[in-house]
Amino acid sequence: MKVKFEHIERCITIEREAESTWDNISQIGLGQSVMERFAHFATDALHVGQEPDQWAHHEIVPPICLATTFKQPAPAQPKTFDYARAGNATRFCLEQCIASLEAAKYCKTFASGLAAISAITAILRPGEAILALTDMYGGTMRFFNQVLGKVGIKCIMVDLIGKNIEEYLTPDVKMIWIESPTNPLLRIVDIEEVCTTARKTEGLLTVVDNTFMSPYFQRPLALGATMTVHSVTKYINGHSDVIMGCVCTNSKEIFDHLNFQQLAVGAVPSPFDCYLVNRGIKTLHLRMRAHEENGFEVARFLEKHPLVESVIFPGLPSHPQHELHVKQTTGTSGMVSFYIRGGQTEAVTFLKSLKIFALAESLGGYESLAEHPALMTHASVPEKIRKQLGITDNLIRLSVGLEDPEDLKADLDNALKATQRFPNGI
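Mapped onto the numbering used here, the consecutive letters of the sequence shown carry residue numbers 57 to 482.
Derived from the structure by calculation, the hints contain no laboratory data. Check before you lean on any hint, since a few could be wrong.
No more than 27 Å apart at the CA atoms, straight line, and that leaves these computed lysine-lysine pairs for DSS-like [claimed, not checked]:
#1 Lys219 x Lys440
#2 Lys256 x Lys161
#3 Lys256 x Lys383
#4 Lys408 x Lys465
#5 Lys443 x Lys360
#6 Lys411 x Lys360
#7 Lys210 x Lys256
#8 Lys161 x Lys338
#9 Lys408 x Lys443
#10 Lys408 x Lys473
#11 Lys219 x Lys256
#12 Lys161 x Lys135
#13 Lys360 x Lys473
#14 Lys161 x Lys308
#15 Lys465 x Lys360
#16 Lys408 x Lys440
Using the sequences and the hints, build the whole thing.
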């Protein structure tokens, strides 16, 4: 598939950086085995990009490179890196590791998930369009409509669930944007089917936001996606102490575009944040298993609770797309959504009564969080659209953490019962 980027002014520095740090690693002194990959996810997470022999003092833990610039032996002849905005060793080893976990050739990290989304959509030109789900993260929706819309890039929002998307593929559609599971309703998109359809149109890109699943449970590139994007802030880092995003791809041309955006716009993560994510990613496989186990415990508990209308959890057979979810993933994360009996008063009382679950936006950390999508993460979505989607005043979204599941269930039970003790709210 050929993608045109005539509007990107390439420069020698970017081309050199892309080639030297990824395609010709053996020539730049970072170690012959940096890109070696292993048979299992956990080993990749611990070792890809981390080879001690690449460092001057053979550190087992990759060092934090705080330098903003690098000495060159001759003009325009850097040994490895020339300026930290373009790259440094700490960021590079993290990008190597994430690429391996997504089974990708390339990865670029950015200062936030939305910065990563911005870099991706910079491929598009005025008059072109993105085909996106009606049900997606409110921040992404806001960016598409209120930022891209101002520069002439349209966002066509449709329900891609179980639909033939070909009827929506007008000539101006150059990118399909997928979340699966969606946020916050945890609906499942048939990624492989959408990507297969997209490949029939030359130059049509497919992007999958894989934040809710992490590479441990889902690899969209293997299902045919052009790019996968993450809010690294969430499961990949897993400790609620870093804001970061990343994009993975197998396309050298798209990688060059991302490289250019990273340098030209400057939305780069700090070396210390890269160090923290590199550390957090070492336990990703262990954390995701625990999130899944606790997610099942909580979902089954809520499904039987008399003060809960319904539960949305793709791992449960009751989920309408459970079979598709099982087909394209290897597990389920700790994201659980449910409708509490009542309305906004009951929902707010429930949230204010929680003791272990923190009332906070975000997800994917070791701690359990609860939030009210209509008032919080999706407040920027017009009320009429929210209600059409099912993001009603009694919808609660949980990010189930790593606490003991019995304590979590007791906390939820107490908060649900509080809605009966305080019918007028607290």
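Results for each hint:
| no. | hint | result |
| --- | --- | --- |
| 1 | Lys219 x Lys440 | 22 Å, holds |
| 2 | Lys256 x Lys161 | 23 Å, holds |
| 3 | Lys256 x Lys383 | 23 Å, holds |
| 4 | Lys408 x Lys465 | 16 Å, holds |
| 5 | Lys443 x Lys360 | 25 Å, holds |
| 6 | Lys411 x Lys360 | 21 Å, holds |
| 7 | Lys210 x Lys256 | 22 Å, holds |
| 8 | Lys161 x Lys338 | 20 Å, holds |
| 9 | Lys408 x Lys443 | 23 Å, holds |
| 10 | Lys408 x Lys473 | 12 Å, holds |
| 11 | Lys219 x Lys256 | 17 Å, holds |
| 12 | Lys161 x Lys135 | 23 Å, holds |
| 13 | Lys360 x Lys473 | 14 Å, holds |
| 14 | Lys161 x Lys308 | 8 Å, holds |
| 15 | Lys465 x Lys360 | 12 Å, holds |
| 16 | Lys408 x Lys440 | 26 Å, holds |
Checked against the numbered hints above, the structure violates none of them.
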